[in-house]
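K.L.:
One letter stands for each residue in the lines below.
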Amino acid sequence: MTTINFKGYEFTLENKGPFSSLYFNKQLKMAICFADEEYIPIDNFKEMFLHISGMIEKLEVKHLIFDKQKLRTFHQPSMEWYFAVWKPEMKNKGLVNHYKILPKLDWFEKAVEAGKYEIFQKFSKEILNGITITYVNSVEEAIEDIS
Amino acid sequence: MEASYLKEQLQAKEDMLAQTTRFLVQMQNDLEEKNKELSLVNKDIFDSISFASLIQKSLLPDTDILKIFFKDASFRVMQQLGIGGDTIFIKNTNKGVVFGLLDSTGHGIPAALLSISGTLLLKELMTSMEIDNPQTLLNLLNFQLHKTFNNSKSSIAHKEGIIFSYCSTKNTLTYSSAKGKALLLKATGEINELPNSKLSIGDEPNAAFELFEISISPGDKLIMYSDGLTDQFGGDNNKKFSRERLKKLLSNKSGETASDIVKAVEEEFARWKGINGQTDDASFMILEF
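Protein sequence lines, in the order shown, are assigned to chains A and B.
For the first sequence, our numbering assigns the number 1454 to the initial residue and increments by one for each residue that follows.
For the second sequence, our numbering assigns the number 65 to the initial residue and increments by one for each residue that follows.
A couple of the hints might just be wrong.
Now the in silico label distances, taken between C-beta atoms and shown as ranges [said to hold, decoys possible]:
1. 215(B) - 1597(A): 45 to 55 Å
2. 100(B) - 1462(A): 49 to 59 Å
3. 69(B) - 1510(A): 23 to 33 Å
4. 1597(A) - 219(B): 39 to 49 Å
5. 1462(A) - 109(B): 25 to 35 Å
6. 78(B) - 1581(A): 40 to 50 Å
7. 338(B) - 1562(A): 32 to 42 Å
Capping the alpha-carbon separation at 20 Å, the derived lysine to aspartate or glutamate pairs in EDC-like fashion look like this [unchecked claim]:
8. 1575(A) - 79(B)
9. 1521(A) - 1496(A)
10. 77(B) - 1490(A)
11. 1578(A) - 1542(A)
12. 71(B) - 1513(A)
13. 1563(A) - 79(B)
14. 1482(A) - 1467(A)
15. 1578(A) - 94(B)
16. 77(B) - 1491(A)
17. 1540(A) - 1593(A)
18. 131(B) - 254(B)
19. 1482(A) - 1594(A)
20. 77(B) - 1489(A)
21. 317(B) - 330(B)
22. 1482(A) - 1513(A)
23. 1523(A) - 66(B)
24. 1523(A) - 72(B)
25. 317(B) - 254(B)
26. 1569(A) - 254(B)
27. 1469(A) - 78(B)
28. 304(B) - 332(B)
29. 77(B) - 1467(A)
Computed footprint of chain B on chain A, listed as stretches where at least three residues anywhere in the stretch have a Cβ under 8 Å from a Cβ of chain B [claimed, not checked]:
30. 1526-1540
31. 1562-1568
Please keep in mind that the hints were generated in silico from the structure rather than gathered at the bench.
Yeah, the Cβ is synthetic: ideal placement off N, Cα and C, and Gly gets one too.
Between the sequences and the hints, there should be enough to build the whole structure, so can you do that?
P.N.:
Pasting the structure below:
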């Protein structure tokens, strides 16, 4: 069984795809999704998040961390699907917090800002309601936030 | 698989670049639009303050009129923001002339409003009620200012200042001061600070300001100034201009005309200030007897 530790909490590998890996800690009711490559194609992105949906239902995941530090390409259709389709459903299934860790790259942060700007133009800021999205610098910071 | 992955990633990168560029262009356009709006607002404010400055300056006495009552006279009022709380006034009376320098707290528009309201009140007291005693004028100004602005609901208006009454036949100056700053410069270069009260105008409704009297000799020069002059930060170590620096400068200029002394003080003030912003409204007046 593959595990990793953060702040004394053991996270167990739940799913390993070609572009991402998914870990879970029962005590914290927390899942961590690591992007393992520079780019995740939309089909794999959806597959990964649908797997997370199942975990939210079955394992009662309340807190999700998406560590995007390895990403170097931001894909707008994936982000649109996340905001418009996946996220509203997860609110009803019990997800409370979604933490995001971005690469420490100014241009990437600007690209994310540009993507969100276009999404808010298209769907309005109401799309943000529900799950709290928080940008953090590390997994440890997110764990401290919910502790 | 690898080739299709790289191709898709390349396309996603191009899309990301195009999207970010669109966003940055949009942000730049928005900023330019905001900049235009701010420029218009800034122009309106600047024009308004420029005109208000003209109105406030028009309330200051004319130097030529001062020279009717004094052997020589000159002054400079340097408001920090074009308009401000410093003012100088003069009014002839049956016995001589009443004059003074007042410094309202703060600066900019609020201080200018307080300054003008104070000046108008003083003129009312001197004209309609024919009051020419500096002590009475200061006590009434204090009472009225406190009643109007510093009542149980608010405490927003305070002033410092000094009011003189000069009788040329007796060669005496009577004055009352609320932290007002004044110096008497003798023709010899000797310079003395005039005692003042430690109370500000508007602090206590029933404050009783003292009345002082001093004798003057022909050739003596009376200097009034606001603390914005001596409190100006600058110099090599960013310190205050200071009262001592002002006194030393004046002692060295005792034989010069009022306008030359004012010019020298103004130049030294500007040199001291350097690239620093002006700390407060700063005023300076010199009258020779």
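K.L.:
All hints are to be evaluated individually against the structure, with a verdict given for each.
P.N.:
Results for each hint:
Remark: the range hint 45 to 55 Å for residue 215(B) to residue 1597(A) is upheld by a beta-carbon distance near 52 Å. Restraint check, residue 100(B) to residue 1462(A): a C-beta distance of roughly 54 Å satisfies the suggested window 49 to 59 Å. Remark: the range hint 23 to 33 Å for residue 69(B) to residue 1510(A) is upheld by a beta-carbon distance near 31 Å. With their beta carbons about 46 Å apart, residue 1597(A) and residue 219(B) fall inside the hinted range of 39 to 49 Å.
Separated by about 57 Å at the C-beta atoms, residue 1462(A) and residue 109(B) break the suggested range of 25 to 35 Å. For the pair residue 78(B) and residue 1581(A), the beta carbons lie near 28 Å from each other, so the given range of 40 to 50 Å is not met. The hinted window of 32 to 42 Å between residue 338(B) and residue 1562(A) holds, with their beta carbons roughly 41 Å apart. Distance restraint check for residue 1575(A) and residue 79(B): the Cα-Cα separation of roughly 17 Å lies within the 20 Å cut-off, and the hinted pair is therefore satisfied.
For the suggested pair residue 1521(A) and residue 1496(A), the alpha carbons sit about 17 Å apart, so the restraint of at most 20 Å is met. Distance hint between residue 77(B) and residue 1490(A) is fulfilled; the C-alpha atoms sit about 14 Å from each other, no more than 20 Å. In summary, the hint linking residue 1578(A) to residue 1542(A) is supported, as the alpha carbons are separated by about 17 Å, within the 20 Å threshold. Under the criterion of a C-alpha separation no larger than 20 Å, the hint pairing residue 71(B) with residue 1513(A) is inconsistent with the structure, at around 38 Å.
Between residue 1563(A) and residue 79(B), the direct Cα distance comes to roughly 14 Å. Compliance with the 20 Å bound is thereby established for this hinted pair. Restraint check for residue 1482(A) and residue 1467(A): the C-alpha separation of about 13 Å stays at or below 20 Å, so the hint holds. Taking the CA atoms of residue 1578(A) and residue 94(B), the gap is near 19 Å; set against the 20 Å cutoff, the hint holds. Our distance criterion of 20 Å between C-alpha atoms is met by residue 77(B) and residue 1491(A), whose separation comes to about 11 Å.
Of the pairs offered as hints, the one joining residue 1540(A) and residue 1593(A) is violated, with about 23 Å between alpha carbons and a cut-off of 20 Å exceeded. At roughly 24 Å between alpha-carbon atoms, residue 131(B) and residue 254(B) are farther apart than 20 Å, so this suggested pair is violated. With a C-alpha separation of about 16 Å, the suggested pair residue 1482(A) and residue 1594(A) falls inside the 20 Å cut-off, and the hint holds. This hinted pair checks out: residue 77(B) and residue 1489(A) have alpha carbons roughly 17 Å apart, not beyond 20 Å.
Between residue 317(B) and residue 330(B) the alpha-carbon distance is near 13 Å, which keeps this suggested pair within the 20 Å criterion. With a CA separation close to 7 Å, the supplied pair residue 1482(A) and residue 1513(A) stays within the 20 Å bound. Taking the CA atoms of residue 1523(A) and residue 66(B), the gap is about 18 Å. The hint holds against a cut of 20 Å. Distance restraint check for residue 1523(A) and residue 72(B): the Cα-Cα separation of roughly 17 Å lies within the 20 Å cut-off, and the hinted pair is therefore satisfied.
Distance restraint check for residue 317(B) and residue 254(B): the Cα-Cα separation of roughly 11 Å lies within the 20 Å cut-off, and the hinted pair is therefore satisfied. For a cut-off of 20 Å, the pair hint linking residue 1569(A) to residue 254(B) is broken: about 74 Å separates their Cα positions. Distance hint between residue 1469(A) and residue 78(B) is unfulfilled; the C-alpha atoms sit about 28 Å from each other, more than 20 Å. For the hint linking residue 304(B) to residue 332(B), the alpha-carbon distance of about 13 Å falls within 20 Å, and the restraint holds.
Distance restraint check for residue 77(B) and residue 1467(A): the Cα-Cα separation of roughly 30 Å exceeds the 20 Å cut-off, and the hinted pair is therefore not satisfied. A count of 4 residues in the region 1526-1540 of chain A with a Cβ less than 8 Å from any Cβ of chain B is obtained; the coverage claim is therefore met, three being the minimum. For the region 1562-1568 of chain A, the assignment as covered by chain B holds, since 5 residues bring a beta-carbon within under 8 Å of that chain's beta-carbons and 3 suffice.
The earlier numbered hints that this structure contradicts are 5, 6, 12, 17, 18, 26, 27, 29.
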